Structures are given as structure tokens and as C-alpha cells.
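A.B. asks: What follows is each chain in one-letter form.
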Amino acid sequence: MNFEFPSLPYAYDALEPHIDKLTMEIHHTKHHRAYFDKFVAAVAGTELESKTLEEIFAGISKAPVAVRNNGGGFFNHNLFWEILSPNGGGQPTGKLAEAIAAKFGSFDEFKTRFNDAAANRFGSGWAWLSVKADNSLCVCSSPNQDNPLMDVHDCQGTPILGLDVWEHAYYLKYQNRRPDYIGAFWSLVNWEKVSENYMKALK
Amino acid sequence: MKYRLFLVAALIFAASFPDFSIAQAVKVKPAKSPAAKKADPVKSDTPATESKTTINKAPVLLPAVKTGISFWSSASSALPFPELPYEYGALEPVIDKLTVEIHYDRHHRAYYNNFMKAIADTKMASMPITEIFANIAEFPVAVRNNGGGFYNHVLYWENMSPKGGGEPTGELAEMIKKYFGSFSAFTEKFNEAAKSRFGSGWAWLSYDPLNGELFVSSTANQDNPLMQVAERKGIPLLALDVWEHAYYLKYQNKRADYVTEFWKMVNWPEVDKRLKAAVGR
Ligand SMILES: [Fe+2]
Ligand SMILES: [Fe+2]
Chain A
1 MNFEFPSLPY AYDALEPHID KLTMEIHHTK HHRAYFDKFV AAVAGTELES KTLEEIFAGI
61 SKAPVAVRNN GGGFFNHNLF WEILSPNGGG QPTGKLAEAI AAKFGSFDEF KTRFNDAAAN
121 RFGSGWAWLS VKADNSLCVC SSPNQDNPLM DVHDCQGTPI LGLDVWEHAY YLKYQNRRPD
181 YIGAFWSLVN WEKVSENYMK ALK
Chain B
1 MKYRLFLVAA LIFAASFPDF SIAQAVKVKP AKSPAAKKAD PVKSDTPATE SKTTINKAPV
61 LLPAVKTGIS FWSSASSALP FPELPYEYGA LEPVIDKLTV EIHYDRHHRA YYNNFMKAIA
121 DTKMASMPIT EIFANIAEFP VAVRNNGGGF YNHVLYWENM SPKGGGEPTG ELAEMIKKYF
181 GSFSAFTEKF NEAAKSRFGS GWAWLSYDPL NGELFVSSTA NQDNPLMQVA ERKGIPLLAL
241 DVWEHAYYLK YQNKRADYVT EFWKMVNWPE VDKRLKAAVG R
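Chain order of the listed sequences is A and B. The opening residue of the first sequence carries number 1 in the working numbering; numbering runs sequentially from there. The opening residue of the second sequence carries number 1 in the working numbering; numbering runs sequentially from there.
Simulated from the structure, these hints should not be mistaken for laboratory data. This one's a predicted model, so the numbers in the text were calculated from it and none came from an experiment. Ideal Cβ positions, reconstructed from N, Cα and C, are used throughout, including at glycine. Don't take every hint at face value.
Here are the in silico distance ranges between beta carbons for each label pair [stated by the list, open to error]:
#, chain 1, residue 1, chain 2, residue 2, range
1, A, ASP180, B, GLY89, 19 to 29 Å
2, B, GLU192, A, LYS30, 52 to 62 Å
3, B, ALA110, A, GLU109, 24 to 34 Å
4, B, ALA78, A, GLU192, 55 to 65 Å
5, B, ALA256, A, GLU16, 23 to 33 Å
6, B, GLU188, A, VAL65, 15 to 25 Å
7, B, GLU231, A, GLY59, 46 to 56 Å
8, B, GLY89, A, LYS95, 51 to 61 Å
9, A, LYS62, B, ARG106, 35 to 45 Å
10, B, LYS254, A, GLU49, 26 to 36 Å
11, B, ALA125, A, GLU16, 41 to 51 Å
12, A, GLU49, B, GLY89, 47 to 57 Å
13, A, GLU192, B, GLU138, 29 to 39 Å
If we strip away everything but chain B, and leave its shape as in the complex, we get (with noise of 0.2 Å):
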């Protein structure tokens, strides 16, 4: 209950910024004001949060993050299926482009459809998606389905970069230090919830506003840490989709060699801005 208020507040003050559209959101990329880097920290509610983390708390709703809280806070019926961040081929050798330009233009975009489908004419076509997925357990199952599978891919696509790669810096490579003890833990740690989530589902780093700590876990199917029905919830930095359709063309069987190579393509400095954007809230 605690984590329900806590997201009703964080959408009321991320649709305190009026002038932040989702044509913008989806679309432009503007530059990084220089007013926003020096915005004075607001307070957060969330002061757990604070002991435990260096993170800055100003109100870090950048533009650049493309599909960021502003994006999700609209009515779920005026979400736009957004753009793939990049080429069908640029994930390449890593994913194949075949694989992307399926797995982006039919089953994400089926995911999407079925989801406007299943909120048209409901009073989920007026609510914001994380509020649908916080009483997900109320709503039918091809809400909990396509929703999820709407939302996740879209954080999917967005975590990876064809520029990816690396360790993550500043305050998300402390916070991984600090809650899994070095980034190969961390990444041991991914590595195997992503491996042993069997059959289809989704493996997550998430931010958990409760405790101010990261976790990892894994989720069935279209199911993300954000739903009520998730045995940990939490708001989700990292997505990886370990449904076979994500790497059959390429890796079949391998899902391991799959999870391994995923780590060539993360866009850490979007997990940093989902962080910020998390914390900062």
C-alpha cells in the first residue's frame, strides 16, 4: 500500500512538468539545460532513500530520457508506440537484425495493440500505465499481458545502444558496488536470473523506493517488477527478455551465450537516467 501511495506522488509531481510533452518525449532529444544540472534538490518522499545513497535529488525528468516518467505518466490510451531507438541492424553481431526488426515490429507492436484494445472504452484508457500495473491484479489478464509486454519492450530497446557496453559510472556504478559488492557480482547475479527464469519472462535490475536499494529478480512471462502481482516490486532500471523469440534466431537453445553477449549492448548512461529519474522522485 505504502508503494502504491509512493507512486501516485511520483506521478503527481513528474505531471508537474507541464511543458514537458509526450511529442517531446518521443521525439526531440533536446539538449541538457543547464538550469536543470543546477536545479536545487527537492525533498524527496522517500527519505529512506536518503541515508543510504550519494544520489543527487534534483528532479532528474530529463528530456533525454526518451520514453522516461513523463512519457508513462499520460493516459494510458494516448501512449504512442514509440520509435525504435535505432537500426534493425544495429544491434548487430550482438543481436541480428532479423531478430530485432520481428521481434520490434510484431510482437512489441502486437503487445501494444492488444493492450490499446484491452483499455479502450475502460477506466484504464484514463490511467496511467504504472497505476494499471500497481492494480494489475484487478484488471483482466490481456491487460496484465500486453501491458506488460508493451512496457517492458520498450525499456528493452531503450537499454541497449549500438555505442553500448562497459561499466556503468558515477552514482549507478557506487549504488552496484554498494548492494552486490563489485558490477561482475552484479552481473553474476543478472546473469543468473536471467538463465534460470524458465520458459518465457524477463530478467531485471530494479530500484526499490522503499529501501532506497537495488535488486535483481526475474519475472514470468509479460510481467514486470512494477505489477502488484511481482514477489518483489520495485521500479526497473535494466530489462532483459529471455523469452526464446528475443535470441532463437541467433542462439536457439544458447539462451546462456545470449545473456553473456546482452552486456556488449546495455546503454548504462539510460540505466543511469532511469536511476536519477527513480531516485530523484
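This is chain A alone, in the form it adopts within the complex (with noise of 0.2 Å):
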């Protein structure tokens, strides 16, 4: 089988103050895997059982609704977690950083944009980084496990960096303050991680 559900890179308490270790902990046992037993069993003796992720969202719009809630989920917490790290923080630097500059003008002004975006999507769903098919750089959200890979979504590209506002994300600890938990985000990104991604998702 193609798929694998991969541990966390780090202990459920590494993210603590930032995102406590029960919501780390439901979030990775429970939401993530049920998402990912979900998605193996959705694509089971499907043709799609031996795709990858995106050629999977490439046509999201023509597979079951249980591939694309299930699939998304899956694929977005992999990298939610990965661009998350115990020393992350700070800001980017190299190519990264000149072309968040070259896009937004400044970091913080970036940073603006993604809070934003994060912020106003109503309900569940979350907010990406990405970069477009002509390598620009892109700050958007979408709903639920809805993604930029998707031939659904309105703004499509590779996403670089993601942040999940479902409230199981933050509840816990922030409840009703999604902004709180937005602000806490930016002390956990792992720049060298989200680097690497814009790298690979050039063309």
C-alpha cells in the first residue's frame, strides 16, 4: 500500500506552551488517524488506491466526497506537523524570505495576510502559503480539509506552509480565541521545513 500514517516528528508535549499536549495528542490519534483510515478505506479497490496524494486532489473534483474530506485531511496534517517544530519561530531566510518580500513586501506584512486569512475563514477549514504554477507565492484558505492541490480550489498551487483552524486545533486551550492560537502559531513555524518545501515545489 502506497500509504503510510506517519508518527509525530516530535513528543505530544514538545509544542507546550504553544499548543498543549492533549490537543496534540487527540489530534494526532484521533482526528488525523481516523482521517487516514477513512481516506485507506475510501480509495480501497478504487483505481485510485495506487495514485499518489495529488494526482488524487488533481481531481478531487471527480472522486467521492469521503476521498476528497478524508484524503485532504490526511495529506494536511502530514504537513501541519511537519512544518511545526519545538525550535521553530523566527523568520525565513534565503530564497524563501526574497520572495515573500518580492510578494508581500515584508515579512510582517506576509504574516498579516496569513492572519488574516486564517481569522476570516468562517467554520473549519485552514489557511495556506503556496505557490502558484508560476511560481509566485500565494496566501489563501480554504474550507474544511479542502486544499490548494485540489481542482476545487480557487487559488491553486503547492502548499508550503498550513495552518489548521478547525476549532478541535485549538479548543482546548484557546476555546472561542482563534486569534490567540493564530498569534502562537508564528512561535512554532519551522522556516528551515517550509524553505525546503518552496525548493521542491519550484518549477
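Mind docking these for me? Both chains are given alone in their own frames, and the hints should help you get the complex.
C.D. replies: Rendered as C-alpha cells:
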């Protein structure tokens, strides 16, 4: 089988105090796991089974909704865990920093755009920084478990940074205060990993 | 379009009870007057329902319906933020005190405040909220999200009670049996709607004024069956919030448990009143 459920690249309590241990544990072992299991069940015995997630997403509008929801949930959380780190925070350097400055004017301006995308996504969803087909950067958000790789998305591209704004991502610690969670997120971003994602996404 | 006309008719009907003020609707709970009970049935403008149900067509806009039709028929800008009909801890252990407090005082209040901001100084300010919903596609998304959030939570709080649970009786029970087969078949269908709503949203039992049927549905985010954008439109009778904020502190990822427990809190007399009001108009 193509697909594997990843273990977390750090301990459940490693992101404290920004994201609490219980949230991480439930998020990874229950939510993420359930998306993975349901995705595998949804593609089992179909032609999708032998495709990559990227290939599946490129034709998601023709796939069953269980594949969209659970495949998205599987992929999005994979990316999310990877771009977080107990040693995260600060600012990107190198080519990514240049691209952010070129596109948004400054790192702070980019952050503001990303914060707005995350705060204004009504209901459940994700905020993204992605690389479009012309190699330019783009900030956007998506509902539920959709992502920029999906052909249904209105700003398609390769996501290199994602923020989960489902309430389950922050409710135990932040409750209704989503903006506080978004603020804390910046202390955890693993810019090395995001830079690596950026270089890989360039065409 | 037929539906929109119906709503307008219903609102005119509701407005014909001038002695029923908002203040009464929100704060006072007068005893049922015998006169109201004995009132002659009025002609319904939805004849389709007459042959299908045995429900009394008397105007049952009774003051006991705390935020019933009369409440919602006023200009949206005049709507108050209704008090919670019980203490924060009253739904324990099904819904914990902290969840109710944050849900009512933060989430619900924010929807109300943002709705009021969004309609201020627009033509919506003088429209009843049901009329805004019936034309929601014309209005800004902030009105849809926050107006829905305001309205839906009022229904949710009032269709629960610390003395809730059990099964409905009378006409509501009969109609549930008629349209779902049995009470347990109905709860199963409702549970399925609540559990399978992906992301944030609501599960509903509603009355379809076009054919007099009851139906179960779910809506995304803060949409509801009164909205023009709803897949199937109707008058909501029972509302269940399945946003994660409604259950996460106690149930976390186990939405199914929250949905199952919900039935212990359902205020069936309130649901019955909504049905009577919906059919009666
Ligand atoms: Fe998540
Ligand atoms: Fe809610």
C-alpha cells in the first residue's frame, strides 16, 4: 500500500505552551488517524489506490466526497506536523525570505495577510501559503479539509505552509480565541522545513 | 417564490397580534389563557397541510413560546439578545457548564453583535430576520454567517432543558411517526445528519410548509433551513449545533457521543410549540 500514517516528528508535549499536549495527542491519534483510516478505506480496491495524493487531488472533483474529505485531512495534517517545531519561530532566510519580500513587501505584511486568511475562514478550514504554477507565492484559505492541490480550490498551487483552524486544533486551550492561537502559531513555524518545501515546489 | 410569499403571509399574520410585545416575549411567561386554547381554528393559507395532519389550526403564537414567531417578526435591529433560559450548569452532565458559558456568552453573543453591526444603517435593519434569510443571497456574507449564528443558537438553547428528554407526545409524536415511521427511526436519521455533517454545521428537524411534511436535514456553518440557499427549505423545529465548539471541551473528537447524549436534554414541549406555530400560520 502506498499510504502510511506518519508518527509525529516530536513528542506530544513538545509544542507547549503554544499547543498543549492533550490537543496534540487527540489531534494526531484521533482526528488525523481517523482521516487516514477513512481515506484508506475509501480508496481501497479503486483505481485511486495506486495514485499519489497529488494525483488524486488534481482530479478530486470527480472523486467521492469521502476521498476529498479524508484524503485532504490525511495530507493536510501530514504537512501541518512537519512545518511545526519546538525550535521554530523567527523568520525565513534565503530564497524563501526573498520571495516573501518580493510578493508581500515584507515579512510582517505577509504575516498580516496570512493571519487574516486564518481568522476570516468561517467555520472549519485551513490557511495556506502556496506556490502557484508560475512560481509566485499566494496566501489563501480553504474550507474543511480542502487544500490548494485540489482542482476545486480557487487558488491552486503547492502548499508549503498550512495552519489548521478547525476548532479541534485549538479549542481545549484557546476556546473562542482563534486569533490567540494564530498568534502563538508563529512561535512554532519550522522555516527550514517551509524553505525546503518552497524549493521543491518551484518549477 | 411560493415559499417567500408564504413567509410574508406568516409575518403579516404574526404582526396581527399587536398586544404581544417583544418585552413580553423575552421576559414574561404568562399562563396560557383559556381563550387561546379555545380559539376557533383559522383558515390556513397552506391548504396542503390540512388533509395531511390532524393538527389544530388555531393561532398558537402563544406567549409561552419564548422567542416564537412574534419575537422574530420585529425589525431585526430591534431584536434583543435573549437570556439563556437556564443556568450555565443546568445541562450537566450532558453539556458541561464551561461549554455552555463560553458558547452562549462568547460565541452566541459575538454572532449577535456582529449581526447587529452588519445590518446597521441598511435596509435589513427594518426587515424581520426571517425575511433576511429568505433573501440571504442578496446580502453580505457577514449577515448570513452572523444572522444565522444569532438565530440558530436561540433555537438551540430553547430546545434544550434541564428537564428535557423522553419522547414527544400528541401531534408532534404523530407527525414524527407519520413521516419517519417511528420515533427511533427519526432519531436515527437525525443522528446520521448530525454525524455526517463534515466540518462545522447544524442538524435540523423542520416543517415543510409547502407540503406539510416533517424532514431532517443538515446545513453547513451557520446556515439554516429558512435561508434561500438551503438545499431543502422549511421552518426549523429542532436544532443541534455540531460545530466542535459545542462539544469539544467534554467530548473532543467523539461527536457521536455528544449527539447521542443530546436527546436527554431535548425540550419536546418547546419543539411541539414550534410545530403548532409553524402549522398554525
Ligand atoms: Fe485538524
Ligand atoms: Fe455554536
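A.B. asks: Return the numbers of the hints above that this structure violates; sort them in rising order.
C.D. replies: 2, 7, 13
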